[in-house]
Amino acid sequence: MKSGFLKRLSLSVFGAVLAGSVFAGAAKAEDLIVYTAVEPEELTGFAKAFEAKHPGIKIKWVRDSTGIMTAKLLAEGKNTPADIVWGLAATSLLLLKDAGILEPYAPKGVDKLDAKYVDGDNPPSWVGQRAWIASICVNTAEAKAKNLPIPKSWADLTKPVYKGHIVMPNPASSGTGFLDVSSWIQMWGEEKAWKFMDDLHKNIGIYTHSGSKPCKMAGKGEFPIGVSFAYKGAQLKAKGAPVLTVAPTEGVGWDLESFGLVKGAKNADAAKKFADWSVSKDTNVMYNDAYAVVAYPGVAKPVKFFPENLDKKMIKNDFSWAAKNRKRILAEWKKRYDSKSEPKKK
Amino acid sequence: MSAAEISVTSEGGSSRWAKLRHVGREAWIMLGGIAAILVALVAFLVLPLYALFKKSVEDDKGNYVGLVNFQEYYESPGLLQSITNSLTIAVLTMVIACFLAFLYAYGLTRTCMPFKKTFRAIATIPILAPSLLPAISLIYLFGNQGLIKGLLLGESIYGPIGIMIAMVFYIFPHVMMIMVTALSTTDARLYEAAEALGTRPSRVFFTVTLPGAIYGIVSAAVVAFTLTITDFGVPKVIGGQYNVLATDIYKQVVGQQNFSMGAVVGIVLLIPALFSFVIDRHVQKKQVALLSARAVPYHPKPHKARDMAFLLFCLAMTVFLVGILGTAAFGSFAKFWPYDLSLSLVHYDFDKVDPNGWSSFFNSLKMASMTAVIGVVVIFLGAYFVEKGQGFARLRGFFHMLAMMPMAVPGLVLGLAYVFFFSVPENPLSFLYSTMAILVICTVIHFYTVSHLTMLTALKQIDKEFESVSASLKVPFYKTMFRVHVPICLPAISEVMMYLFVNAMTTVSAVVFLYSADTKLAAITVLNLDDVGDQAEAAAMAMMIVATSLTVRVLHGLLMRALNARHSAWRTR
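Which chain is which? The protein sequence lines are A and B, in order. Convert by adding 113 to the 1-based position in the first sequence; the result is the number in our numbering. Convert by adding 1106 to the 1-based position in the second sequence; the result is the number in our numbering.
Be careful, since some hints might not be right.
Restraint-style ranges between C-beta atoms, simulated for each label pair [claimed, not checked]: (1) A:ALA165 - B:GLY1138: 52 to 62 Å; (2) B:LEU1447 - A:LYS272: 30 to 40 Å; (3) A:GLY233 - B:ASP1166: 20 to 30 Å; (4) B:PHE1504 - A:LYS308: 40 to 50 Å; (5) B:ALA1411 - A:LYS257: 50 to 60 Å; (6) B:THR1563 - A:ASP311: 49 to 59 Å; (7) B:PRO1183 - A:TRP301: 19 to 29 Å; (8) A:GLY377 - B:ASN1670: 18 to 28 Å.
Under the rule of at most 30 Å between Cα atoms (straight-line distance), these lysine-lysine pairs were calculated in the DSS-like manner [stated by the list, open to error]: (9) A:LYS210 - A:LYS171; (10) B:LYS1441 - A:LYS161; (11) A:LYS440 - B:LYS1570; (12) A:LYS229 - A:LYS257.
In silico contact screen, one side only, chain A against chain B (beta carbon under 7 Å); selected entries [to be verified]: (13) GLU154; (14) THR157; (15) GLU189; (16) ASN192; (17) HIS322; (18) LYS333.
Hints listed in this document are in silico derivations from the structure and should not be mistaken for laboratory results. Predicted model, so just to flag it, every value in this text is computed and none were measured. Quick reminder that beta carbons are idealized off the backbone N, C-alpha and C, glycines included.
Chain A extracted, bound-state conformation:
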């Protein structure tokens, strides 16, 4: 009697194990594995639009912040399961190109894109999709309650009145954080930029992992001012949060969400179809839902609640400089600010 019970138990155990391993191994041939740093809430929409056009392909997103996706790709190297890197900073794609991970490919219709947003090589290793642009999110309700003036420039943020009220993304993990630091150095030169960051550092409450978190924290009033990017502020405002998006007067940093095919991808054909779809006009119209600057000329319309003239404030961004200096800048930044509690050493 007991052994009968055990036999059944062990049978069902092994059945479960077998079933489990079968499920785990059953990846469909038409799965397209996409590594991305695009805001997660946008991804379902993009996948639906693409899959409607190509019903045979199913997109599998792997999403994290820019720094993490870059690190993951570099770690996995040629063994990466990714078929395509999509919506990652151009600065990072340059690093991936140098590491030999990208497969050059000219998507159908890439010639229609603004040439300055596409890799100069022919065929290009990476193709820009749209620009995300730095901005400051201010919680107007909390600012009023705490008697904080609305900041207008980057320089304003170093005023003592803001001490402890500002959050900013850590550039080591966040693409937004990195484009801020990179833009300050490109605008003002090393010495002045680091001096500015020294002063800003005194006012920072915490540094966050991702670029959207400062804006969300500002939205909740956890910290009234968040250094973030324009889309997040506009989106929160549209949801009813008391958030004002400010484009600092000195100019704003930006980076390109871009894609590149992975060398030796298992689903190379699907990846190419996805690349072709990504440069099409319709898709660029979709990009415009959230971002004001897209690679397809003449498509972009102003986005609601975006700061005015934001695109005119975009600095002249040198991607190859940013990519080449990324490691050094991050090391310097980390040395200066990464452990806030650390006593100052002279």
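Place chain B on chain A using the hints.
For chain B alone, coordinates are given in the frame of chain A:
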């Protein structure tokens, strides 16, 4: 009696060869079994760790550079600061948690306060949640918009204070359970003697109670220290700019793409974990001789003032433990914190904020089930071979040593080691990379030691005569194993399965470097959601994990009750 006689004769002299001939095939099966599990432990524990060590002495390009990375680490003040921070946090948390847990356990074991069973159950609540949960709750409670932030007197919750409070919550059950064991194993005769001599209660406490429990307290302290220094979720969420070793590894690897340095920090993190592991082993060896066979169990006598005091203390701890969980639940239901606190389910619509939202939850269910099922089979067999196996003593000793190793390896270090080992295309095992299988394997290994020890304890209670008898009756060992050992060990098997399942649901550290598009887990989604600032959704997903773990715990409890009813028959005459 006859069984013992047979076994004695079969051990001795000429009949030994006769026996070996019969046992030959069985011995091969047993050797095969040990070898298979041994090979698995080498492939999934030793070799990845070797890959980690190798990585730490290489540069970006994979060239051997000796100790250059370690020197660089030593010279960077920020990283050294992390060591100080980690040690400070770990020591303070250890002291606070041990103090609170000791009082709590004292209340449970040495007083006559009411509701002991309830208090005991409440104290284990934190086990059901990922360590991210208390950190998220503390932000709701003490953040700049916190409900009761005034209690912090202007101090910020982002930093050491937040890490310590969240850690005390997270490690409390582990520490408390060891304290309960330590305080339960005492000899009442010592107290009778003390009473007869008219010793003051405070003197009794310091001369009898504390010395009797000291090994348990040291053990609890070691566990508290190790759990704190190796946990990644809490400082990630609430640490602010207060860097600790665990977050350093993550930042080095994901933020700076510096794998060699990540490996170096990993090895630095191994040292305190290894150190406390050795202390713990040492202490546990000593503890064995503590209780004599003539010891009399201690039964507390009612004492109004004392019982009242401990009741109040345990109530306060209950408010703390339930309050943290309740805050996360409330945060997950509040529509738009802090401006609109009306309740809604909107934050449970995970797919809206993350394309892998709900699917990650089901992945976790699948991963946890597979870990529990596969893990329990492997761990049971492994423990069986160690405890009941015959011959190959050296091999079994080596295997036992390997089985103890995972305890000393922090999850983050294990996960990173897996990346270095399995992502290399030349490795024949690289096909496992980014599959569900590697998450299951990693999790089984991560929680191997405690499960192994639980099984070992259960198997030790079964008399060796069973094997002797069945051997003399020429019943192969595996039949005896299935007919005798497995049924008797069912409570332990169920215990281990629950332990593996709950830990697989809540773990973040080991799998954070290993998940892929198809295999994202719920606890990682909590981390990701918090990373992008979706705090309410993060709290909601953490609550889903708690609910699942709780369900499994309840099922385990029901199963245990049924088993007890069924199996107590053979224990009674």
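Hints, one by one, checked against the model:
no.	hint	in the structure
1	A:ALA165 - B:GLY1138: 52 to 62 Å	holds, 54 Å
2	B:LEU1447 - A:LYS272: 30 to 40 Å	holds, 33 Å
3	A:GLY233 - B:ASP1166: 20 to 30 Å	holds, 26 Å
4	B:PHE1504 - A:LYS308: 40 to 50 Å	violated, 60 Å
5	B:ALA1411 - A:LYS257: 50 to 60 Å	holds, 53 Å
6	B:THR1563 - A:ASP311: 49 to 59 Å	holds, 58 Å
7	B:PRO1183 - A:TRP301: 19 to 29 Å	holds, 26 Å
8	A:GLY377 - B:ASN1670: 18 to 28 Å	violated, 57 Å
9	A:LYS210 - A:LYS171	holds, 26 Å
10	B:LYS1441 - A:LYS161	holds, 27 Å
11	A:LYS440 - B:LYS1570	violated, 62 Å
12	A:LYS229 - A:LYS257	violated, 42 Å
13	GLU154	holds, 5 Å
14	THR157	holds, 5 Å
15	GLU189	holds, 5 Å
16	ASN192	holds, 5 Å
17	HIS322	holds, 4 Å
18	LYS333	holds, 6 Å
Hint violations for this structure: numbers 4, 8, 11 and 12, all remaining hints satisfied.
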